[in-house]
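Assemble chain B onto chain A, guided by the hints.
Below, each chain spelled out in residue letters.
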Amino acid sequence: MTTIPSRLARPTQLSASITDARKRSIQLYRDWYRSAPEIVQLYALNVSPAYVRHCIRERFEANRYVTDQRAIDVLLLKWRQEYQETVNCWKQRDHVEGILLAPQHRPQRSFLQKFYEGRDEDAVRPAATGAI
Amino acid sequence: MSLLNAWKQAALTSRSTGLKHLITSTRLVSSESSSTPANKKSGEIVTPEAPRDVLVADVISGAPTELRHRPVRIYQPTRNTMQSGSGKSERWRIDFDILPGGGRWENPLMGWASSADYMQGTRLSFRSKEDAVHFAEKQGWDYYIQQTTVKRIPPKNYAENFLYRPSKLRILRTK
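Heads up: the sequence lines are chains A and B, in that order. Residues in the first sequence are numbered from 1 upward in steps of one, following our numbering. Residues in the second sequence are numbered from 1 upward in steps of one, following our numbering.
These aren't lab readings, by the way, just hints derived from the structure by calculation. Careful, some of the hints might be misleading.
Under the rule of at most 25 angstroms between Cα atoms (straight-line distance), these lysine to any residue pairs were calculated in the SDA-like manner [stated by the list, open to error]:
no.	chain 1	residue 1	chain 2	residue 2
1	A	K91	B	P64
2	B	K138	A	S25
3	A	K114	B	T65
4	A	K114	B	D97
5	A	K23	A	E38
6	A	K78	B	D97
Only chain B is shown next, with the shape it has when bound in the complex:
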């Protein structure tokens, strides 16, 4: 969670500095956040990425300009906990962060949940992270990438139960 917060913070700070440039009409330099800076060696020569030519899609898409000020999250959805298969968790998604003021209310009579936020039900799926980033850049959205948690499932087998280990006691199973 703290990692996510850090990402959010980074995205927010970059947003506050980048707001002035949001209206810029060509995007030659990608604003991709550093996704893997940790495993770089210190002596390694890092060549900067060649600037990519990104179409300014937001001036021709007809989307409201207010969307330029909304951060979006790029993430990989987790497995559906009600099913054992990991279907649909390979894709990458973009969804919009909720509005700071809420923009939501509850119907006083029936208790229905309502929202004035027209992007709250919208999510976009992509085959890869790069596709999602490219799309967000084209639209001029501020994005942050939420890293996927790598889960390691230890190998299990039945024979482990009867394995002889000299130093340790065998696992006692009462049932």
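If we strip away everything but chain A, and leave its shape as in the complex, we get:
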């Protein structure tokens, strides 16, 4: 499969206003949303497109209350790049499954489970999974 390097590439852009930033982020979300079936097919994932959408939604929701326009611009840039890399198949299956679709929250634990794992388990959660 040949890739066209400039496919889905966008020039860096600064939002003119917070309304503009909002519009851009909705547009980005829409792009992700629409490409969910394609992502599933491209990487032969064993999940439904709805699950991919759910994971993407979770990532967007995490930054819902960011109002700093500079931060929003950087986030938009990063997620636009992520989108390009994903849809262009510049990733491998593990990158999608292990990072993009990885669950963001730890499952509920019982009192005893928390006791056994000690006090610092949350604080020392490995952060090396990287990307965004």
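Same frame as chain A, now just chain B:
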């Protein structure tokens, strides 16, 4: 030491109240702890500092969100006791407090010290205190500033030994 504890306490209390606001997305008001409130006169009019515009770097840095709940210390390192020069003690440093549960263990066979805390070996150097505070604010860390101990080295000279003081006895040196 008690001073340090007081600072820690203040930082901790401010942390418990400030936790809810840690996720806030803009930081317009600086959370700088009062560093020199003692020498203010009572009648003096104090103008509040203009709110600074601080970038929310922690949402774009990719750092784990767990770091928002870790207090950091901003301090000036002391002189290396094995050397007489005071090099590297002008800079300000940020380092992370140890974890409350320890997060450390000892290798049962060899006795190596291990830690699960990925920030324990990390320290950041800055040219000034303001730089360090600015950085910590940008990252959304709870910081406290440990005041530098001012050391006064009394002047010494050889002639002091032979100075005549009418009321006091001369220092008797047996060696």
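Results of checking the hints against the structure:
no. : hint           : in the structure
1   : A:K91 - B:P64  : 23 angstroms, holds
2   : B:K138 - A:S25 : 23 angstroms, holds
3   : A:K114 - B:T65 : 20 angstroms, holds
4   : A:K114 - B:D97 : 22 angstroms, holds
5   : A:K23 - A:E38  : 24 angstroms, holds
6   : A:K78 - B:D97  : 31 angstroms, violated
In this structure, the one hint that does not hold is number 6.
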